[in-house]
Amino acid sequence: MNTSTTDAIDIRDAVKRYGDFTALHSVSLSIRDNEFFTLLGPSGCGKTTLLRMIAGFEDVTEGAIFLFGEEIEKLPPHKRPINTVFQNYALFPHMSVLENVGFGLEMLGHPMQEVRKRAGEALEMVQLSQFAARKPAQLSGGQQQRVALARALAPRPKVLLLDEPLSALDLKLRKAMQIELKHIQRDTGITFIFVTHDQEEALTMSDRIAVMSSGELQQLGDAREIYEQPRNTFVADFIGETNLLPVTVDEVQGGRAACHLPGGQTLTCDASAGVARGARVHLSLRPERVIVAAQPGVESLKATVRENIFVGTDITTIVDLAGGEEFRIRTSNSDRGRARIFEPGAGVFLNMEQGAARLLTD
Amino acid sequence: MAAKYDLRVFPGFRAVTLFCLAILYAPLVIVTIYSFNASPSITNWDGVSLRWYVDVFTGPDSEKFKYAARNSFIIAIIAATVATCIATLAATAILRGGRFRLRTVSFGLVSLPLMVPEIVTAVATLIFFNAIGFDRGLLTILLAHIAFCIPFAYLPISARMQGIEATYEQAAMDLYATRTLAFRRVLLPLMTPGIVSGFLLAFIVSLDDFIITNFVKGAGVETLPTAIFGAVKQGIKPNIMAISTMLLGISVVMVTLSWLVSRRDATK
Amino acid sequence: MAGGAASGGSSQSDTYAGARVWLLLPAWATLLILVVAPVGIMLVYSFLTKEFRGGVIWEFSWEAYDQFFFNRGLFGDEPPRIEWTYILIFWRSIWQAGVATLLSLAIGFPTACFIATRAPRQRPIWVFLVTIPYWVNLLIRTVSMKFLLRDNGPLNEALLGIGVISEPLHIVNTNLAVQLGLFYSYLPFMVLPIYAAVERYNFSLSEAAADLYAPRWTVLRRILLPAVKPGIVAGCILVFVPSLGSFLAPDLLGGARNFMIGSLIEEQFKGNAGNWPFGAAASMILLTLVLIILLFSARQQGRQEAR
Ligand SMILES: Nc1ncnc2c1ncn2[C@@H]1O[C@H](COP(=O)(O)OP(=O)(O)O)[C@@H](O)[C@H]1O
Ligand SMILES: [Mg+2]
Numbered sequence: 001m002n003t004s005t006t007d008a009i010d011i012r013d014a015v016k017r018y019g020d021f022t023a024l025h026s027v028s029l030s031i032r033d034n035e036f037f038t039l040l041g042p043s044g045c046g047k048t049t050l051l052r053m054i055a056g057f058e059d060v061t062e063g064a065i066f067l068f069g070e071e072i073e074k075l076p077p078h079k080r081p082i083n084t085v086f087q088n089y090a091l092f093p094h095m096s097v098l099e100n101v102g103f104g105l106e107m108l109g110h111p112m113q114e115v116r117k118r119a120g121e122a123l124e125m126v127q128l129s130q131f132a133a134r135k136p137a138q139l140s141g142g143q144q145q146r147v148a149l150a151r152a153l154a155p156r157p158k159v160l161l162l163d164e165p166l167s168a169l170d171l172k173l174r175k176a177m178q179i180e181l182k183h184i185q186r187d188t189g190i191t192f193i194f195v196t197h198d199q200e201e202a203l204t205m206s207d208r209i210a211v212m213s214s215g216e217l218q219q220l221g222d223a224r225e226i227y228e229q230p231r232n233t234f235v236a237d238f239i240g241e242t243n244l245l246p247v248t249v250d251e252v253q254g255g256r257a258a259c260h261l262p263g264g265q266t267l268t269c270d271a272s273a274g275v276a277r278g279a280r281v282h283l284s285l286r287p288e289r290v291i292v293a294a295q296p297g298v299e300s301l302k303a304t305v306r307e308n309i310f311v312g313t314d315i316t317t318i319v320d321l322a323g324g325e326e327f328r329i330r331t332s333n334s335d336r337g338r339a340r341i342f343e344p345g346a347g348v349f350l351n352m353e354q355g356a357a358r359l360l361t362d
Numbered sequence: 001m002a003a004k005y006d007l008r009v010f011p012g013f014r015a016v017t018l019f020c021l022a023i024l025y026a027p028l029v030i031v032t033i034y035s036f037n038a039s040p041s042i043t044n045w046d047g048v049s050l051r052w053y054v055d056v057f058t059g060p061d062s063e064k065f066k067y068a069a070r071n072s073f074i075i076a077i078i079a080a081t082v083a084t085c086i087a088t089l090a091a092t093a094i095l096r097g098g099r100f101r102l103r104t105v106s107f108g109l110v111s112l113p114l115m116v117p118e119i120v121t122a123v124a125t126l127i128f129f130n131a132i133g134f135d136r137g138l139l140t141i142l143l144a145h146i147a148f149c150i151p152f153a154y155l156p157i158s159a160r161m162q163g164i165e166a167t168y169e170q171a172a173m174d175l176y177a178t179r180t181l182a183f184r185r186v187l188l189p190l191m192t193p194g195i196v197s198g199f200l201l202a203f204i205v206s207l208d209d210f211i212i213t214n215f216v217k218g219a220g221v222e223t224l225p226t227a228i229f230g231a232v233k234q235g236i237k238p239n240i241m242a243i244s245t246m247l248l249g250i251s252v253v254m255v256t257l258s259w260l261v262s263r264r265d266a267t268k
Numbered sequence: 001m002a003g004g005a006a007s008g009g010s011s012q013s014d015t016y017a018g019a020r021v022w023l024l025l026p027a028w029a030t031l032l033i034l035v036v037a038p039v040g041i042m043l044v045y046s047f048l049t050k051e052f053r054g055g056v057i058w059e060f061s062w063e064a065y066d067q068f069f070f071n072r073g074l075f076g077d078e079p080p081r082i083e084w085t086y087i088l089i090f091w092r093s094i095w096q097a098g099v100a101t102l103l104s105l106a107i108g109f110p111t112a113c114f115i116a117t118r119a120p121r122q123r124p125i126w127v128f129l130v131t132i133p134y135w136v137n138l139l140i141r142t143v144s145m146k147f148l149l150r151d152n153g154p155l156n157e158a159l160l161g162i163g164v165i166s167e168p169l170h171i172v173n174t175n176l177a178v179q180l181g182l183f184y185s186y187l188p189f190m191v192l193p194i195y196a197a198v199e200r201y202n203f204s205l206s207e208a209a210a211d212l213y214a215p216r217w218t219v220l221r222r223i224l225l226p227a228v229k230p231g232i233v234a235g236c237i238l239v240f241v242p243s244l245g246s247f248l249a250p251d252l253l254g255g256a257r258n259f260m261i262g263s264l265i266e267e268q269f270k271g272n273a274g275n276w277p278f279g280a281a282a283s284m285i286l287l288t289l290v291l292i293i294l295l296f297s298a299r300q301q302g303r304q305e306a307r
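These protein sequence lines map, in sequence, to chains L, G and X.
Following full-length UniProt numbering, the numbering of the first sequence begins with 1 at its first residue and continues without gaps.
Following full-length UniProt numbering, the numbering of the second sequence begins with 1 at its first residue and continues without gaps.
Following full-length UniProt numbering, the numbering of the third sequence begins with 1 at its first residue and continues without gaps.
Rather than coming from a laboratory, the hints here were simulated on the basis of the structure.
This structure is a prediction, so every number in the text was calculated from the model and none was measured.
Treat the hints loosely; a few may be bogus.
Said to hold, decoys possible - Simulated restraints on C-beta separations:
{"id": "1", "chain 1": "G", "residue 1": "Gly163", "chain 2": "L", "residue 2": "Asp320", "range": "52 to 62 Å"}
{"id": "2", "chain 1": "L", "residue 1": "Ser167", "chain 2": "G", "residue 2": "Leu21", "range": "34 to 44 Å"}
{"id": "3", "chain 1": "G", "residue 1": "Leu257", "chain 2": "X", "residue 2": "Glu267", "range": "35 to 45 Å"}
Unchecked claim - In silico contact screen, one side only, chain L against chain G (beta carbon under 7 Å); selected entries:
{"id": "4", "residue": "Tyr18"}
{"id": "5", "residue": "Gly19"}
{"id": "6", "residue": "Gly56"}
{"id": "7", "residue": "Glu58"}
{"id": "8", "residue": "Asp59"}
{"id": "9", "residue": "Pro81"}
Don't be surprised by glycine CBs; every beta carbon is placed ideally from N, CA and C.
The whole structure should be built from the sequences, with the hints applied where relevant.
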């Protein structure tokens, strides 16, 4: 095996079992230095478990974890240059904000003068200098969150782990913190491993995203790749909104596949690897990449409009395909978009944009 | 494979816990074992026998112990019953009586016997009966025990009542029950485990009390603990160990019952 | 044990608010008549003149307190000097109770931590195991302890048998025996409140500290201990206060030379040699001491909660 020293964290075939329940099935991941890396997946898929293995609170049943090329399995948590922002913050209630933030530096044996200075700097970074003397209980949720962040950043760890740090905040504060976190990551150059179950949050913040489900890694890539080229139905469905239609492949030729829907309508799209004649696969179509029209386009499906739903910036149109499948289309709520809205009951064509349809084998 | 780094685990704490339990149980276990000793001397072991148990019931001291045991049980039953009733009513007022000014004071008063050192309570009670010219005897012991048992009955009862949501009796009253009926038909049955538990604890406390009893008992009146104390003053004899073991057995059985009852939760 | 059942949640039910006077009456009557009034009368008695055959003469006198603190010579006509006898007995009691408290803490804290970190369903069983002995008659327990610790008792025989010692240890009738007896009497009182505190403690704080480079025992000292301090204080008080006024352990295990307050007080009410006003005064002083400790700790706990 080659040990790439540039990777901050290298997880090799990590397996985690609790008794006979397997929480992680052989996960392999490399997280680059200076990267904002996100673990994304539904609740219970093993994100926290993986993070706790990196931090040192859970042992690795099989496999290994490397930090800058060094195996860290033998190191207890307090000897790993890795810090965590805990989901519930875990601020020490009997210490002031400044004491909390300075705790790590103090434990590393820095002189108290330096501890105070650097803790103060960390607090400044999260704009909480004026609250240094307060107790955590005297802060709002958002402020506590920032103290937790400052506390984990103050010792300048090589890797910072964040376990759903924003989940307890309200929407507006969460959005603001997403941007702030991103800036702090860029300014400090520390590798962030960020855990969330919120796909939108993951897409906004991350350099790269690992999508997980049931203890397995589903796809690894940047936000665009994951959104536009989902590798399987789980990723397509979990990231953003999509229409998944079961189709049968009739013909594969020149990188294009011709298929038909259960209702008999046919469609041609880019063939992905592993698609062969006769295969029963899924077709994924993002709702915003389909246009409702009175006339057919290059690739079209016939449908009947059921309902138009106004959702602020967009209008969602639900249509029934000839085979009875439900299909959703999203049209921007602009003058141009509104011109394309049809009354319920109208027969319409769903025109695909170039490259909008993706065939997924599993 | 390194073991999980678990911060709930402290090396050595398990050993200390086992040591702690050993300290707690060693004397009791040893006295129990020696109560079955056939030898008339407490130092030698002469094989297993029940002779000292027989001695307790038929031996030269048996009349004294039977008399003391009768007193002890009568006092314990009455004191525990009265204390439990008083504690149940007080808990209802304190936990279901809304906010009122004397609430904290009432709670403090109920737990007062736990805060005042027992010897002080004993002295005060003795002086009190002396000052009002009340002759010392079984009745003075009983009265003192009632007061002293109230907090022991109160604690499990109130713990239980705190676990019962007020919506139960409100629902009963919504269905046309009067307050009294809601108490009798809904609150009381739900509280039964707490009440039984409180009664049993009060019973043990009364049965076991030595210091207060020793002060307020009249001349010639004995309960089991005072009789045992008197006998122990002349040296530990094997029949004392047999009595102790029986008393110990009663306490353990009662506490176990109380524990099992209080763990049953009718609301689940 | 006197935990804050009174300071319930904000949603205070008032179903029986109308009847609360009647519900509380029996408790108030019983406790006012049988506890509060007697303590009041005891206070009065401590200022009366002693009757030589037990009891009091209804005549005001400072005598009892004077005798406690001052020595005026055999005939009471010398200038007062501080009388150390009784102060020393109090001091010895405080010392004995203090040592017993520390012993209980040393054993009780690890035990409480251990129990609180078991699987939730196992915890009640452990707690139950620790509490059973408390419910066994204190007299019987103290006698058992004496039996165990005797010069030719099972402990010495066992130690001699395995060759740890060559001479029996003399424990009974020493200060150590009293300390062990007190420790044994009230150990569950130390374990229970600490257990309750550790059980409520959020162990992710410990993980946060370890994550910030604190080794395991530093986590214990810097994070866990401060967080469970209220439980520790409560446990110490619950052991210290009853130890201070205890009678059985010093009487049965300590022998005549290891007198404590309890024995001093008891003696004043035995037979004809007693001095009731003096016993009442000693009881008042003990009660005052205890109340000061309780008030002090209540203030401490209050400050903790205010944070
Ligand atoms: N200590 C444990 N013992 C047994 N199962 C556990 C333990 N911790 C987590 N699990 C299980 O492992 C799976 C993954 O949990 P977790 O990593 O917390 O998920 P996530 O953080 O993605 O929501 C869950 O099914 C959970 O029930
Ligand atoms: Mg999680």
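So, going through the hints one by one against the coordinates:
For the pair glycine 163 (chain G) and aspartate 320 (chain L), the supplied restraint of 52 to 62 Å holds, since their beta-carbon distance comes to about 54 Å. Checking the proposed 34 to 44 Å range against serine 167 (chain L) and leucine 21 (chain G) shows it holds: the Cβ atoms sit about 43 Å from each other. Taking 35 to 45 Å as the suggested C-beta distance range, the pair leucine 257 (chain G) and glutamate 267 (chain X) conforms, at roughly 39 Å. With a least beta-carbon distance of about 10 Å to chain G, the hint placing tyrosine 18 (chain L) at the interface is violated under the 7 Å criterion.
Checking glycine 19 (chain L) against chain G: minimum C-beta separation of about 13 Å lies over 7 Å; hint violated. At a threshold of 7 Å, the smallest CB-CB gap from glycine 56 (chain L) to chain G is about 6 Å, leaving the interface hint in force. The criterion of a C-beta within 7 Å of any C-beta in chain G is met by glutamate 58 (chain L), whose closest approach is roughly 6 Å, and the hint holds. For aspartate 59 (chain L), the suggested interface contact is upheld, since its CB lies about 5 Å from the closest CB of chain G, less than 7 Å.
About 16 Å separates the beta-carbon of proline 81 (chain L) from the nearest beta-carbon of chain G, more than 7 Å, and the hint is not met.
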